[in-house]
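Colleague: For chain A, the structure is supplied; the task is to place chain B on it using the hints.
One letter stands for each residue in the lines below.
2 protein chains.
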Amino acid sequence: MPRDEFRQFGHEIVDFIADYFENIESFPVLSQNKPGDLTAALPKSAPLAGEDFGNVIKDVNNLILPAVTHWNHPNFHGLFSTSASSPGVLGEMLSAAFDMKAMLWRTSPASTELESVVVDWLRQMVGLPVEFRGLIYDTASISTLHALAMARERLNLGIRDKGMSGRTDLPLLRIYCSEHTHSSIDKAVILLGFGARSIVKIPSNDRFEIDVEKLREAIADDKAAGHLPLCVVATIGTTATTSIDNVNRVADICERNGIFLHVDAAYSGSAAIVPEFQSYFKGWERADSIVMNPHKWLFTPFDLSVLYVKDLDLLKQTFSLVAEYLKVTETVMNQMDYGIQLGRRFRSLKLWFVMRYFGQEGLIARIREHCRLARLFANWIDADPDFEMMAPVPFALVCFRACPSGVEDLNALNERIMNEINASGEAYLSHTMLNGKFTLRLSVGNIRVEERHLQKVWKILKSKIGAVGEH
Amino acid sequence: MPRDEFRQFGHEIVDFIADYFENIESFPVLSQNKPGDLTAALPKSAPLAGEDFGNVIKDVNNLILPAVTHWNHPNFHGLFSTSASSPGVLGEMLSAAFDMKAMLWRTSPASTELESVVVDWLRQMVGLPVEFRGLIYDTASISTLHALAMARERLNLGIRDKGMSGRTDLPLLRIYCSEHTHSSIDKAVILLGFGARSIVKIPSNDRFEIDVEKLREAIADDKAAGHLPLCVVATIGTTATTSIDNVNRVADICERNGIFLHVDAAYSGSAAIVPEFQSYFKGWERADSIVMNPHKWLFTPFDLSVLYVKDLDLLKQTFSLVAEYLKVTETVMNQMDYGIQLGRRFRSLKLWFVMRYFGQEGLIARIREHCRLARLFANWIDADPDFEMMAPVPFALVCFRACPSGVEDLNALNERIMNEINASGEAYLSHTMLNGKFTLRLSVGNIRVEERHLQKVWKILKSKIGAVGEH
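Protein chains in written order, with our numbering: chain A, 24 to 494; chain B, 24 to 494.
Rather than coming from a laboratory, the hints here were simulated on the basis of the structure. Each hint should be verified, as a subset may be incorrect.
[Claimed, not checked] Below, a list of computed lysine-lysine pairs in the BS3-like style, where the Cα atoms sit at most 27 Å apart: (1) Lys67/B with Lys339/A; (2) Lys487/B with Lys350/A; (3) Lys57/B with Lys339/A; (4) Lys57/B with Lys350/A; (5) Lys185/A with Lys237/B; (6) Lys350/B with Lys224/A.
Remember, it's a predicted structure, so these values are computed and weren't measured experimentally.
Pulled out of the complex, with its shape left as it was, chain A reads as follows:
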């Protein structure tokens, strides 16, 4: 593409994005497409001859945009609300252009070094000690996979070389986590060859935190049965309710038993930069590894997950494997040695842009405000007899349900309310089941979210209950 053409279409796309962010509230949150709509609108095969790029941009407007569910919409409250800030998007543009594959230091000094610097900045911001070294992966699923692979390597059972099949000397390996732990743990355990039966799901207490006493018992029982504890996963900010496991007490058990401790702070980690939330993170500095996702709540475009580990050499020992064509003489950090992926995108650039543009103070203020808004919404729930809170609100997720008197099947009611709201495109909520109760989840995390957005959701919710009353 000639320089002037790239310039022209690049400016058009920048303007498109600027308008998109500005007008984001004019779109339905959830795409109003039906399954198959986009597919049906596209040709069955790639064009033989090249097309004018202007046509492509037209199709973005006419075909792609209606098929987008707008994660950037401030009324996207489902799953975890996230957003791509403008400086983050600018960072992605440049990373795409540089197109470095960080395998060796020499193939991408910028990516290798900026990553180390930026994850160390983040480490300081969240108050972790200097012994933690960070690496950037794509997603928490992959970060967690690496953590559990490290735990396996640390057992010194020769699994890297001899594997687990065709052996009779391996006890059953066990991984412990609460019933509220994220499914990425299950997936990693399965992928690593431990099998689902290796996962011991410890019940949680009435605040959805791991029952530490039951964890202690499970480990003792397993050891008595000849099983080998491999790892405990504690979560700060579970996905269903953002509940907080007592990491200090879990760490006591891990230390006593010599078990690898992984802390999942994929969602909440960003909140550790806010001084008054530091207390939620007590004990995480005792972990062997911690995952946190700036692409969730630090306004960084997807994907960027950080894994902090204390023993970087162990991570290298788990993964390093150097083919001849990748051998070099420099004694430097070659990122390919620290993970399953040989090459890495230049992800640190966008996080660096975000940190510099907003500054620590700007990031703290935004996360603090999200948590204030969530507590405000929780207050409205608390004060209304037609609604009830279903879980505490340590961060910026509100778990609640409608409970108007005279309605027998509250689960059906709440499911209907959620589906109606989502289908309308006005807002997007998701749900979870807590003790058999269908629970609505409202997540506050968008960089553009304001009090009026929560007022809008609240008004809609109230109108749904009004409609129930009229039946």
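Modeller: Showing chain B alone in chain A's frame:
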């Protein structure tokens, strides 16, 4: 960031990229930084207050740019030469802005459906039958990991549920590949818990292709010993020399023994769109899974790897795990069911842009030209007594070495030549060892590469030999 500010800095970055691509040859290919230079130039901590974004752009120019190894430089001939085309970069810009996490169809209909459409376009272009269904992952390492996980699942040994530890009923599982197979296979095998001893590296013939007879013997021996063959990996376009395993003959063996066949075409797959190269891919339609990387040789910014599988249900069975907050009622493809990562970036957009802008004909013409250039360079080598070819050139990689008469240690000579060229910033070559011989690798794959770039390398190489003669 206010709309006008984003517009201003967005345009600045677009112009920066336009100029960067235009002036790419003015940069040294390999960064001239020393390890630690960038780190030393950056503050130790993130700024407390937000900064003017103009300062950030200044630092990109002053600090980041000198630390970039320019994969976009047409004289980057190391590893595999790749490049980010302009339409691909424009696609990444938009993907970053939409910031969708494709887990559920409903959270990203555009990403879910466009991905299926685009990988089907690519399937047709490379001539694979309709039974192959494609999924986009980040890297070939991850695609391959999924393929081997599927192979494990297909064994029906209950590994997903029971795992491999604490069992005495599992035979040693074995994975077969040639000694030239990419290290990502080794990494996947280790990660999946098979252990390095599960990998059987079959010797290759004098064309660096898997010795099929030895493969047959190894499998027969293993079966006689009570081991269980799990998978064979055949490669079309190995990393060291782009050699091509005889997939048809390998497939015969796999079919006879009921073994899963994975084909690694990560590098070469893009060349299958060129009609006269189709013969190199004979038999790959018999594979259970195939990986190819548009981010390598289809002008798509990193990362975008496609895994084609015949049995999509098996892939789902390997990975599906649905938490309550992700349960939905639509009967649609939810991409989270097909991989280790819960969420996926909107990667298909950039590939769609590339396919439409260049058209099939434009892409074919560029890859054809790269192969022509590589053969031309090989002809220069062939015609010069001071140099010799070290491997056939089916695609666009030339393996060669200098061999002037009178030099005793040719390995040392060629290593020195490579290091001098790389250090100069004039061009970047990498190497491999073939039968103990230090071999230079020249990869042609950049969208901006022309004959003059190869002439430049050839001239430098000749001058190095001239210098030898003068000693």
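Colleague: Each of the hints needs a verdict: does it hold here or not?
Modeller: Here's how the hints hold up against the structure:
no.: 1; hint: Lys67/B with Lys339/A; verdict: 25 Å, holds
no.: 2; hint: Lys487/B with Lys350/A; verdict: 23 Å, holds
no.: 3; hint: Lys57/B with Lys339/A; verdict: 23 Å, holds
no.: 4; hint: Lys57/B with Lys350/A; verdict: 18 Å, holds
no.: 5; hint: Lys185/A with Lys237/B; verdict: 23 Å, holds
no.: 6; hint: Lys350/B with Lys224/A; verdict: 20 Å, holds
In the structure shown, no violation is registered for any of the earlier numbered hints.
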